[in-house]
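*Asks:* Spelled out, the chains give:
Protein chains: 2
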Amino acid sequence: MPNFSTIYIKGLCILHFCSNFAAYYVFMNIMKRTEISTMGEFGLIEHLTRDLSSIQPSTQKSAGDDAAVMNYNLLPSAEKQRVLMTTDLLLEGVHFNLEYVPLKHLGYKAAVVNFSDIYAMNGTPTQITVSLGISARFSVEDIEELYAGIRLACERYKVDIVGGDTSASMTGLAISITCIGTAKDEDIVYRNGAKLNDLICVSGNLGTAYMGLQLLERERIALKGNYGVKQEIPAFEGREYLLERQLKPEARRDITEALRKAGIKPTAMMDVSDGLSSELMHICKQSATGCDIYEDKLPIDFKAAQLAEEMNLNIVTCALNGGEDYELLFTCDIHDYEKLIPIDDIYIIGHITEQSQGCRLIGRNGEVLNLQAQGWQAFK
Amino acid sequence: MPNFSTIYIKGLCILHFCSNFAAYYVFMNIMKRTEISTMGEFGLIEHLTRDLSSIQPSTQKSAGDDAAVMNYNLLPSAEKQRVLMTTDLLLEGVHFNLEYVPLKHLGYKAAVVNFSDIYAMNGTPTQITVSLGISARFSVEDIEELYAGIRLACERYKVDIVGGDTSASMTGLAISITCIGTAKDEDIVYRNGAKLNDLICVSGNLGTAYMGLQLLERERIALKGNYGVKQEIPAFEGREYLLERQLKPEARRDITEALRKAGIKPTAMMDVSDGLSSELMHICKQSATGCDIYEDKLPIDFKAAQLAEEMNLNIVTCALNGGEDYELLFTCDIHDYEKLIPIDDIYIIGHITEQSQGCRLIGRNGEVLNLQAQGWQAFK
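In order, the protein sequences belong to chains W and Z.
The first sequence: position 250 = 250 (the numbering used here), numbered continuously.
The second sequence: position 379 = 1379 (the numbering used here), numbered continuously.
Keep in mind that the hints were calculated from the coordinates and are not lab data.
One or more hints might be untrue.
Looking from chain W toward chain Z, a few residues come up when the C-beta cut is under 8 Å (computed) [said to hold, decoys possible]:
#1 Asp66
#2 Ala67
#3 Ala68
#4 Val69
#5 Met85
#6 Thr86
#7 Leu89
#8 Leu91
#9 Met121
#10 Gln127
#11 Val162
#12 Ile188
#13 Pro342
#14 Ile343
Heads up, simulated DSSO-like pairs for lysine-lysine below, C-alpha to C-alpha not over 30 Å straight-line [said to hold, decoys possible]:
#15 Lys1061(Z) to Lys61(W)
#16 Lys1184(Z) to Lys184(W)
#17 Lys285(W) to Lys1184(Z)
#18 Lys261(W) to Lys184(W)
#19 Lys1080(Z) to Lys158(W)
#20 Lys80(W) to Lys1184(Z)
#21 Lys1265(Z) to Lys1080(Z)
Yeah, the Cβ is synthetic: ideal placement off N, Cα and C, and Gly gets one too.
Excised from the complex, chain W in its bound form (with noise of 0.2 Å):
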């Protein structure tokens, strides 16, 4: 049996890590393995949807019919309730490698990522639609797993699965999901209403997730030994914060339900999900304005900073231009300062200007940047 390094992320086991990969997939298909053809497409699907109960009373008939169906005018105010719309696709070898991703993760995460765009419209997530493409490595259990994993974060977040696909591949894993939920008309914040004077807010940290994919990077090549010498175990020790920020998102629901709670309705906001760069640039563009954000005001996580010292990298790049944080960003009006301070885990890292001053970072000794959108790009 090959040596498993077990690490342990918020109740999530992360069995993935062991010297040898092709062993562990071996002894994970000599514990059990169901191969997905003796089940068939509609045996699949049945089998994964076997026991989903619905939350949302807006859930009128889940899957197993042509499509779902939902009841919105029960909510109260259902005259001023709006459905919002969101969908993500996610697929191997571009938005994750199976070599460091467990499978119940992934799935985590690919439901988190699109609760957290419509947290980003202020908005309730309420039913997920998952297709699944599979190909012939994945047993059944494997894709259980991975299921487990969306059900874990649609329990968390009270969000029903309402239906799906589920397919052959002819090649690694596709996971597409949508994501329904609703706002009351007047509560929903659009990119557009940032202006002049607004004060620009993020939630937790930035570049945190960016710093442990660069970690899980690292141990990976280290395991296989291409660093010189042959590594047994990863070296995650104390560092399981950034795994975890990488691997196991969450989406700031508690974010704005506090604003909301101190009576402030931001004039924009946007998940941060390319980059905070890219994120601000689409607000500015779209609200026709500028910013100034402050390098000295951006809030970094301790250990992502002393990794990025360790690996020789810039951390105000990482979180500038790193992606996957799922924090909000969002602007607010100036007089709305007082109430903002209270509320924990929100930070000012700047204000909106004149479109003709562009988007810049003004640097601890007062120098100052155009921001650049580099962002991820999936297609260089």
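Fit chain Z to the known structure of chain W by using the hints.
*Replies:* Structure of chain Z alone, referenced to chain W:
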């Protein structure tokens, strides 16, 4: 320049068929090829969605934010309206072969199969999101073609494209479309409402899309010279209808409209995507009934039957298990018989029986066969 066989199917030209497929691609690329990497993800999305306009009054905010926003309260009898949601994932090499499926047709079909699911609930499709995974062999022009097909389908069926996701793919093309629709609660038709003695009806004809696929496959091989003699052009003449059924199916909006006009509400309904046998067994299982259908009542296209004979296939088996016809299969009360008769293109093929009787096919000579859900098994 390679020798093209140009075929027009209801205004969509098929240019793909030529004796040398590689030459076709070279030719297309000499014409114009813009690498997607020159645009990046955001550039491509902006390019594809640049002049999308909304037809549906319920579309409040389309692409360009974290999520689309829909207002279904503008619909008549808003309190009775329900939201329907369905999704389909199409993967290259599993669901389509680009050697003979033109990208524009593929886009059209990918959208229509989702609309078909909404009509099968007796609803009206209103919005879709489109996610694409695109490998490096596709150019911007290729994706424009695909998108043109999706847009054409959306125009014809009055559906808005309200968002999506575009990403690189390591291998091939992945298309994930999610469709939202609406229906008044009292109008929705589920799969589980069939009852004893109900009539079983189907629209159009069955097995034709499958025969179209057989024809495409046969000619693909013939053009490669694999039947001994190298053929220069595909033998499609007079059989365009079969190709159309496979490459450019339509959703039967006309049938649900005709039924509504005639005052008929089906007791159960679904669309025929996996094959008649498979779908009938779904309805019977969910309705806790059995069924008898009659071989001589199955609507079969003459050209499809002719080709089946030529290819030594049993057309009844094709009609029962072929799939992809996207016709509507429904049951209705026997008292609706008189109202049903005047409606064009609907065929009564049998009736609902006790569950204990099972699902049966009555042959031309009175022989009785149990239906089997051969369907379309992607995992086999």
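*Asks:* Now look at each hint and say whether the structure bears it out.
*Replies:* Cross-check of the supplied hints:
1. Look at Asp66(W): its Cβ gets to within about 4 Å of chain Z, closer than 8 Å, so that hint holds up.
2. A least Cβ separation of about 4 Å between Ala67(W) and chain Z falls short of the 8 Å threshold, and the interface hint therefore holds.
3. A least Cβ separation of about 5 Å between Ala68(W) and chain Z falls short of the 8 Å threshold, and the interface hint therefore holds.
4. The beta carbon of Val69(W) is positioned within 8 Å of a beta carbon in chain Z (closest approach about 5 Å), and the interface hint is therefore held.
5. The criterion of a C-beta within 8 Å of any C-beta in chain Z is met by Met85(W), whose closest approach is roughly 5 Å, and the hint holds.
6. The interface hint given for Thr86(W) holds, since its Cβ lies 4 Å from the closest Cβ of chain Z, which is under the 8 Å cut-off.
7. Nearest Cβ of chain Z to the Cβ of Leu89(W): about 4 Å, under the 8 Å cut. The hint holds.
8. With a cut of 8 Å, the hint placing Leu91(W) at the interface with chain Z holds, because the nearest CB-to-CB distance is about 5 Å.
9. Contact between Met121(W) and chain Z, as hinted, is supported at the beta carbon level, the nearest pair being about 5 Å apart and thus within 8 Å.
10. Taken as an interface hint, Gln127(W) checks out: its beta carbon lies about 7 Å from the nearest beta carbon of chain Z, inside 8 Å.
11. Among the interface hints, the one on Val162(W) holds; its C-beta lies about 6 Å from the nearest C-beta in chain Z, closer than the 8 Å criterion.
12. With a least beta-carbon distance of about 6 Å to chain Z, the hint placing Ile188(W) at the interface is held under the 8 Å criterion.
13. With its C-beta approaching chain Z no nearer than about 26 Å, Pro342(W) sits outside the 8 Å limit, and its interface hint is violated.
14. Look at Ile343(W): its Cβ only gets to about 21 Å from chain Z, farther than 8 Å, so that hint breaks.
15. A hinted pair counts as satisfied when its Cα atoms are at most 30 Å apart, and Lys1061(Z) with Lys61(W) qualifies at roughly 26 Å.
16. The suggested pairing of Lys1184(Z) with Lys184(W) holds, with an alpha-carbon distance near 22 Å, which does not exceed 30 Å.
17. Our distance criterion of 30 Å between C-alpha atoms is broken by Lys285(W) and Lys1184(Z), whose separation comes to about 40 Å.
18. Proposed proximity of Lys261(W) and Lys184(W) is supported: the alpha carbons are some 16 Å apart, at most 30 Å.
19. Under the criterion of a C-alpha separation no larger than 30 Å, the hint pairing Lys1080(Z) with Lys158(W) is consistent with the structure, at around 25 Å.
20. Proximity of Lys80(W) to Lys1184(Z) is assessed by CA-CA distance (about 19 Å); at most 30 Å being required, the pair is judged to hold.
21. Of the pairs offered as hints, the one joining Lys1265(Z) and Lys1080(Z) holds, with about 17 Å between alpha carbons and a cut-off of 30 Å not exceeded.
Checked against the numbered hints above, the structure violates hints 13, 14 and 17; every other hint is satisfied.
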